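For reference, the chains in residue letters:
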Amino acid sequence: MKKNLLIMFLLLIAAAALPFIVSEYGINLAAEICIMAIFAMSLGLIMGYAGMVSLGHAAFFGIGSYTVTILGSHLSNFYLLILGSIVLSGLVALITGAIFIRTSKFYFLMITLAFGQLLFALTWQLKDLTGGADGMKISSTMNLGFGDIVSPLGIYFVMAGAAILVYIFLRFFVHSPAGKIIKGVMENESRMKALGYDPRIYKLLAYSVSGALAGFSGSLYGYFNLFISPDLTNWMFSGQVMIMVIIGGVGTLIGPAIGAGLFIFLQNFISTYTERWPLIMGLLLVILVIVGKGGIIHWFDLLRSKIFYRRSQKRMEYAQNHAQKEEVTN
Amino acid sequence: MSLLKVGNISKSFKTLQVLQNVSVEVQPGERHVIIGPNGAGKTTLFNCITNVLSIDSGTVYLEGQEISHLPSRKLVHLGMSRTFQKNNLFGNLTVEENLHLALTSTKSYRYQIFNALLKHEDLKKDTDEVLEQWGISSRRNVKVNFLSYGEQRLLEVLLAMAAKPKLLLLDEPTSGMSPAETIQTAEMIKKLPRSVSILIIEHDMEVVFSIADKITVLHHGEVILSGTPEEVRNNEQVRQIYFGGGAKAHA
Amino acid sequence: MSIFSIQLLTGLAYGMLYFMIAAGLMIILGVMNIVNLAHGTLFLISSYIAFTFISQNVGFWAALLLAMAGTAILGIIIERLLIKRVYGKELEQVLLTFGLTYIIADTAKWIWGTEMHTIAVPALLDSSITMGSMVFPIYRLFVVLVGCGLALLLWYFESRTRIGAIIRAGVDDRDMVSALGINVGLVFTGVFAFGAALAGLSGVLGGPLIGIYTGMDSEILVTSLIVVVIGGLGSWKGSFIGAILIGLIETFGKVWFPSLSMLIVFLLMVVVLIIRPQGLFGREVA
Chain A
2 MKKNLLIMFL LLIAAAALPF IVSEYGINLA AEICIMAIFA MSLGLIMGYA GMVSLGHAAF
62 FGIGSYTVTI LGSHLSNFYL LILGSIVLSG LVALITGAIF IRTSKFYFLM ITLAFGQLLF
122 ALTWQLKDLT GGADGMKISS TMNLGFGDIV SPLGIYFVMA GAAILVYIFL RFFVHSPAGK
182 IIKGVMENES RMKALGYDPR IYKLLAYSVS GALAGFSGSL YGYFNLFISP DLTNWMFSGQ
242 VMIMVIIGGV GTLIGPAIGA GLFIFLQNFI STYTERWPLI MGLLLVILVI VGKGGIIHWF
302 DLLRSKIFYR RSQKRMEYAQ NHAQKEEVTN
Chain B
9 MSLLKVGNIS KSFKTLQVLQ NVSVEVQPGE RHVIIGPNGA GKTTLFNCIT NVLSIDSGTV
69 YLEGQEISHL PSRKLVHLGM SRTFQKNNLF GNLTVEENLH LALTSTKSYR YQIFNALLKH
129 EDLKKDTDEV LEQWGISSRR NVKVNFLSYG EQRLLEVLLA MAAKPKLLLL DEPTSGMSPA
189 ETIQTAEMIK KLPRSVSILI IEHDMEVVFS IADKITVLHH GEVILSGTPE EVRNNEQVRQ
249 IYFGGGAKAH A
Chain C
5 MSIFSIQLLT GLAYGMLYFM IAAGLMIILG VMNIVNLAHG TLFLISSYIA FTFISQNVGF
65 WAALLLAMAG TAILGIIIER LLIKRVYGKE LEQVLLTFGL TYIIADTAKW IWGTEMHTIA
125 VPALLDSSIT MGSMVFPIYR LFVVLVGCGL ALLLWYFESR TRIGAIIRAG VDDRDMVSAL
185 GINVGLVFTG VFAFGAALAG LSGVLGGPLI GIYTGMDSEI LVTSLIVVVI GGLGSWKGSF
245 IGAILIGLIE TFGKVWFPSL SMLIVFLLMV VVLIIRPQGL FGREVA
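Chains as they are written, first to last, in the working numbering: chain A, 2 to 331; chain B, 9 to 259; chain C, 5 to 290.
It should be emphasised that the hints constitute simulated quantities derived from the structure, not laboratory data. Treat the hints loosely; a few may be bogus.
Claimed, not checked - With a cut-off of at most 25 angstroms between alpha-carbon atoms, the simulated DMTMM-like pairs for lysine to aspartate or glutamate come out as follows:
#	chain 1	residue 1	chain 2	residue 2
1	B	K151	A	E190
2	B	K115	B	D134
3	A	K106	C	E94
4	C	K93	A	E188
5	B	K94	A	E190
6	B	K82	A	E188
7	B	K115	A	E190
8	B	K151	C	E94
9	B	K132	A	E188
10	A	K194	B	D64
11	B	K94	B	E104
12	A	K194	B	E71
13	B	K172	A	E188
14	B	K174	A	D199
15	C	K93	A	E190
16	C	K258	A	D135
17	B	K172	B	E74
18	A	K194	B	D136
19	C	K258	A	D129
20	B	K127	A	D199
21	B	K132	A	D199
22	A	K194	B	E159
23	B	K174	A	E190
24	B	K115	A	D199
25	B	K222	B	E38
26	A	K194	B	D134
27	B	K127	A	E188
28	A	K194	B	E74
29	A	K128	C	E254
30	B	K94	A	D199
31	A	K194	B	D130
32	B	K82	A	E190
33	C	K258	A	D232
34	A	K106	C	E223
35	B	K82	A	D199
36	C	K113	A	D135
37	B	K115	A	E188
38	B	K174	B	D136
39	A	K128	C	E223
40	C	K113	A	D232
As the structure is a prediction and not an experimental result, all values here were calculated from the model.
Same shape as in the complex, but just chain A (with noise of 0.2 angstroms):
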């Protein structure tokens, strides 16, 4: 817990000091990176917390951000629009969840699927409200009460704080009865119902959740990029946030959200020397597949039990040969 406590504190050092040694672009950059770390991290929370693998997350994400921006016409606070996209992205995914999590792995990834391409479509031929495939520009600016936040440095600051203020509002979460409860449910669903369960609550509770803060994130992204397209919706964009999950680690909650920061950094990274950047993401993926194992925290994890496991071994060496020196001068 301390050791926890001595990282988070590392990373906020790090999250403050960032945007003192990086350029503009690079400001810029970590704040996107710090979006999508919220949305990998909802989408964390249901795959490793849940085991429900959804290909349709995006929905959630487009919800949220087509929330602040035709509202946002409207009406002008930034925290009635954010809690807006919040409450609506929920209570979709409460809506659908509840017929979603009926099924079973297989059908729950292709249902969800199907369903992120049909907002997908509605975005697309509902002209009228979401701008069809022109997309729409976001009207307001970002205005926490103290004056609109206009400078990529005060967005910055804005988008870190929501994601750490997500990452305290996860760990609670996964660590809280119903949290704890949820995660039984993905490891013995039959028996958490003979223990006098209702594991579809559990199961609806994650995904309401989850699917808040994808709206979240979305929302956020609004003000950050300042126009949206259908293509926020896309099962493409799922696809590549379950991809930072994955690469991240699935069952820890701060892996999704390194996840998202190299797939971010290298997308932009590798598209400013090539066009070929879904090809190239395409073959790294399948490399990850066949030579990987378990995502970045996890070969942390492996590095550190490497290293100690060379120490002790060290140690059983010195302690046999000196066990077989007592025994000669004996």
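On the provided structure of chain A, position chains B and C as indicated by the hints.
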């Protein structure tokens, strides 16, 4: 009033009749053993009582309340818990975490999304109590997958006991155990307080006769006999079908 | 009335097309337990292959065979080289097939660009039947016939042949099949190649109906996923009926509610899920 009253339940899978007009009664405090050859429908009976399988006809009453169609998760809250013939645990979690999950199911804070689970002192106390009572405190932080088979079987029962049930349904607690472990388990069952009634499926005749107040013999989905151990031991029909051709029961 | 029957034929033709592609997806899912997210991309690549051959003056039918063979070979390579390594690992499978969609689709974009292409209806079928005031394009009738033929073939294959029995057994009990001395790996490669070839078949036959364009692969994938969900896992009958339903709903939906056709299809899926979570004809999951 009997604690559990199973009245004339029947169950078939397509054309196969697995249970036919089965009636069983369990009195408060009773140790009631169900015996019968493989395929007699014993586990199916448990699954029908706990409504994991829905019954075709008949009724199940717990303390006078009809529970025939209540979902299995609700039965725990009415005072009935069960174990499984095959270990059904949380293998990737530790012994302590398994107990936490089992003990929380009856707590009012089971829907809370704040306040870490481990901040609840009563849960810690209950967990420590169970661990100490059964002498497994030293194993509390061991992942269940790394426990010995016998320890896992014990935990299987402890999880069911966590909700402080009035009626405990044990599905072959000694299956797959070594003779030594079997004796230990029988001792453990005997140690359970009489405030808990037990309906138990068991194969090992020594265990059966050492713990049973009452025995019900199931054969081809029908109840052959329900009576005291003495009556069962001396029943000619039971010997014929269960012990095979008049051989004496080895008990 | 005449417009109605022509729409009916169009809906059926689309339905059959969906059946062909969903059948490939389902056989891979049912036998190998893999959701092949690259299935729509195989459909796309097959259209492009056929388009290229046809523009080099290879006839439609030869191009059809070449494209099917091409996707089947691609399927074999993918299965032998990659998918073989991730059996039973759900997340890895999703990641792998998702990566493949990027690789194949982006390569296709590289080679063929982003403009829309079409495959012309073969000369043999480029006419129509006139009945009173109704004009039925023969090509659509042909697609319906091919779809029905495939359904019959699959039914025969599954219920009347040794390979069908092996595959059915493999679905239920994999260890049993390998204990019988049957090379499960070979069966799986064959199944994957067959599923890919079906994607190839529908890709070429769909060319004259829906054209070839970037992003088509996602649409096709989603439609076929919905077909499988509606019809139920491991059920030809279900996929067949589900595909026809979707083809009809989409066609008529486009006429009546042009902006909401996808929503109607999705709502159909939701209704089926609420009434029968395992799909119309799916096996009951115990």
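If any of the earlier hints don't hold here, list their numbers in rising order. Failing hints: none at all.
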